[in-house]
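*Asks:* Once you have looked at the hints, place chain B on chain A.
Residues per chain, in single letters:
Protein chains: 2
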Amino acid sequence: MSSALTLTERHTDATQRLILSSAMDLLEHSGVPDLTVRAVAKQAGMSERTVFRYYASRDAFLDAVAAEVVRHIGTPPAPARIGDLPGYVRPLYTRFEEKSALVQSALHTELLRRVRESVAVDRWRAVRDLIDAHAPHRAERDRSIAAANIRYYLAASTWHYYRFHFAFPLDEAIACAETAVRLALEEIGRE
Amino acid sequence: MSSALTLTERHTDATQRLILSSAMDLLEHSGVPDLTVRAVAKQAGMSERTVFRYYASRDAFLDAVAAEVVRHIGTPPAPARIGDLPGYVRPLYTRFEEKSALVQSALHTELLRRVRESVAVDRWRAVRDLIDAHAPHRAERDRSIAAANIRYYLAASTWHYYRFHFAFPLDEAIACAETAVRLALEEIGRE
Chain A
1 MSSALTLTER HTDATQRLIL SSAMDLLEHS GVPDLTVRAV AKQAGMSERT VFRYYASRDA
61 FLDAVAAEVV RHIGTPPAPA RIGDLPGYVR PLYTRFEEKS ALVQSALHTE LLRRVRESVA
121 VDRWRAVRDL IDAHAPHRAE RDRSIAAANI RYYLAASTWH YYRFHFAFPL DEAIACAETA
181 VRLALEEIGR E
Chain B
1 MSSALTLTER HTDATQRLIL SSAMDLLEHS GVPDLTVRAV AKQAGMSERT VFRYYASRDA
61 FLDAVAAEVV RHIGTPPAPA RIGDLPGYVR PLYTRFEEKS ALVQSALHTE LLRRVRESVA
121 VDRWRAVRDL IDAHAPHRAE RDRSIAAANI RYYLAASTWH YYRFHFAFPL DEAIACAETA
181 VRLALEEIGR E
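These protein sequence lines are chains A and B, in that order.
Here the first sequence is numbered in UniProt numbering, starting from 1 and rising by one per residue.
Here the second sequence is numbered in UniProt numbering, starting from 1 and rising by one per residue.
Think of the hints as simulated: they come from the structure by calculation, not from any bench.
What follows is a set of in silico ranges between Cβ atoms, one per label pair, in the way DEER data are often shown:
(1) B:Gly74 <-> A:Gly189: 34 to 44 angstroms
(2) A:Met46 <-> B:Asp34: 29 to 39 angstroms
(3) A:Arg81 <-> B:Arg17: 58 to 68 angstroms
Per the computed footprint, the stretches of chain B lying under chain A, defined by three or more beta-carbons under 8 angstroms from a beta-carbon of chain A, are:
(4) 156-168
(5) 171-184
Where a beta carbon is used, it is the ideal one built from N, C-alpha and C, also for glycine.
The shape of chain A in the complex, shown without the other chains (with noise of 0.2 angstroms):
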């Protein structure tokens, strides 16, 4: 946008900053259910027009802000090894415990297809993967089964359904999930 280009790079960069942390004191606090950039531009002291000088359209600020709610809350990465697969529930859970008002606004509001789109999909692609490795003999829809079985345990509207819906504790919903991982990856290990 031609008007942002007359700012300082280090304005541009404190604006946005402002803009994003603003998004996700929103997200974190107050529970939107969509997430306006009338009520970010409020929420940071700013106009509206502000806003739309760093971001061409709702849909360009919403991608922003995705990124940010994906950096913010942080998840571990993917293990290497399809052996850590079930150990690998315990920090992914613990770290949505963590972030849990900021995951739950991504999983509640029209970001949720945009956060999905980008840090789920590369751990949903490095299960696949890990199963392909592991189980060559077995057939591509078996693998496609379990790698599926396995990414929907260690997705962020799983951890919510156990805690929240189920009302578990964090313990008990990471030993279902252990259990679902675990059950999945020896079935698939079968000759």
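*Replies:* Same frame as chain A, but now just chain B:
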């Protein structure tokens, strides 16, 4: 409500049926984010006041709508024998599919909690009873994990996730759920 008592039983029934069928129309065809008495009254061609003659409050109204949603979705009864649990996935998911718009409305509105508290709780209790009878030799915690992981795959949320987030065809979603249920049953049946 005293004013309702002045109506004949026949008229009461017809009006209530109209209110509830108008609510179903809205949920099935309009993808409403929130089901309001105003929108239902408009759809039914009556005043909000008339709706409130039958339902003392918005809560009572939503309870009635949730009961009607459950009746319309009409999921098959949970199986009476543990060996029938994996095979229960297909008729259940097929029914979710047939009533897809209504199920998705139920999942994404404030009806969710109400629907879960009726039909879902019954289904869940049935699963837990089957597991307890099947594996009395296993620790309570292990039975709780197995029952939860099976319940999770019998939830409309899971059907929805596999169909719309994984974008799996129905048959593949069913295969995933059947596999997960079968593995949980095998595990809990071990000595």
